[in-house]
Amino acid sequence: MCVVCGCASPDPHHPHGHEHGHDTRHGHAHTHEHGHAHHDHAHEYATQPVGSVGAEHVAVNPATGDLHYGAGSARVSVPGMSQARAIKIEEDVLGANNRIAAQNRAHFASHGVVAYNLVSSPGSGKTTLLCATIEALKQRAPGRAVAVIEGDQQTSHDADRIRATGAPAIQINTGKGCHLDAPMVAEAFGRLDLHDHAHGHDHHHADEAGSHEPGARPPEAGRAPLGGRAAVTGSPGGPILFIENVGNLVCPALWDLGEAAKIAILSVTEGEDKPLKYPDMFAAARLMVLNKTDLLPHLDFDVAQCIDYARRVNPGIEVLLVSAKSGAGMDAWLDWLLQGPEDTATPSPTEAALRQRIAELEAKLAAAGLQG
Amino acid sequence: MHELSLAGGIVRVVEDAAAREGFARVSQLRLEAGALAGVDTRALRFALEASTPGTCLEGAEIVIEEPAGTAWCLRCAVSVPILARTDACPQCGGHQLQPTGGTELRVLDLIVHDDQTTGAATDAR
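In order, the protein sequence lines correspond to chains P and F.
Going by our numbering, the first sequence opens with residue 42, and the numbers climb by one from there.
Going by our numbering, the second sequence opens with residue 6, and the numbers climb by one from there.
Misleading hints may appear alongside valid ones.
What the hints assert, rightly or not - With the C-beta cut set under 8 Å, the calculated list includes, among others, these residues of chain F facing chain P:
| id | residue |
| --- | --- |
| 1 | HIS7 |
| 2 | LEU11 |
| 3 | ILE15 |
| 4 | GLY43 |
| 5 | TRP77 |
| 6 | SER84 |
| 7 | HIS100 |
| 8 | LEU110 |
| 9 | LEU113 |
| 10 | VAL117 |
Hints are computed from structural coordinates only; laboratory data are not their basis.
By construction, the Cβ of each residue, glycine as well, lies at the ideal position given by its N, Cα and C atoms.
In isolation and in its complexed conformation, chain P is listed as follows (with noise of 0.2 Å):
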């Protein structure tokens, strides 16, 4: 039944058709009886009421003057009675996870750290692969610190074997969770010897204010600035963050956690079409690793089938065929690492910019159409 005039229509807001005049009177009392402290909260924050102005469900012809009190969902005002009230929110899903990812990035650039995120289904030889360039970077860039954050659901299993290679680890166990998110790196990233060593610059730390909680700081004026490319890569000879997802080709595509760049490892064992299979993840990614390319004389694995395959997806990624046991590839691999995703990139940082503008400027324009 309606609510509102008692009828059986089950659609609350099935219009009800009554003279706006007649209802003029009763909504005004009632939007000051009801009024709450809505009127000044719309102004403080970006959500304003849909179809009205100043009050919840008034409507105003800018031509005349007029007001419309039956413009809210229930199409009429009735006093005593709560009104339903459309409240705009335009809020992304993920913005509380990115504002903490925003604040991992310049909390990374603020120690000179340059951040990956590892991502690859389980199995595709991640750790492995870590540990071998750890390895490597050891004789390659002495000195250069590396650190790693291993997410997995469960166990140590992973940070025990980087931690004996030397390098300080962190692991994550997600429990029944499928991806690593940015407050879990914060808080991993706050207990790696990598964060003690930097300390004590003057610098602006997330940390400090003791709390994670998304929106729960407002944005601070002398803060490195956020999410800007300038800060995302670390400095020369920063430390080295890796961060190892929970291996899963589909949910960490999703999740920002305040990294450089996603670097996506794909093992040679698991067949060249998977960029086809889990596109989200390849179009997330900067880099595809193809590994254990040592094992490709008795697969039937097209190399160049799942280059293609990934460059559908994202027209833009980068590929490097390595091997970890075999040690091929790993010069290249460690270029890569070593001069920072901006450096490398084949889309030069200008035509990835480019690019970037012309979707955005294409956005607008299809914006514009619609509206016109």
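Given the coordinates of chain P, work out where chain F should sit on it, guided by the hints.
Only chain F this time, still in chain P's reference frame:
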């Protein structure tokens, strides 16, 4: 699987809105999950139904808008519709596509009530 985390994020966004706007319950929640957003809308709906009891979203009608995917074809220099990230440009058959629309994942708006009880209109459904 990550839809459950996303549902948690949605509940949080709505509860934050409830705290600042002072409403008691939501009768309709409208979301936008684009075709290229990496979200299974059926799983998201299921996850929301599982995670809203006891919150102001309990019993709310959930409307999920699914904007179609659009991409900018670098080769053709036009905006083209695509259904998935793996699609080719319908004009040139190439894959030099930059998604421009359909990646949205947002809470759009709510219809909210100041009273705690579920209205007769909702009961009649």
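Status of each hint after checking the structure:
no.: 1; hint: HIS7; verdict: holds, 4 Å
no.: 2; hint: LEU11; verdict: holds, 5 Å
no.: 3; hint: ILE15; verdict: holds, 6 Å
no.: 4; hint: GLY43; verdict: holds, 4 Å
no.: 5; hint: TRP77; verdict: holds, 5 Å
no.: 6; hint: SER84; verdict: holds, 6 Å
no.: 7; hint: HIS100; verdict: holds, 4 Å
no.: 8; hint: LEU110; verdict: holds, 5 Å
no.: 9; hint: LEU113; verdict: holds, 6 Å
no.: 10; hint: VAL117; verdict: holds, 5 Å
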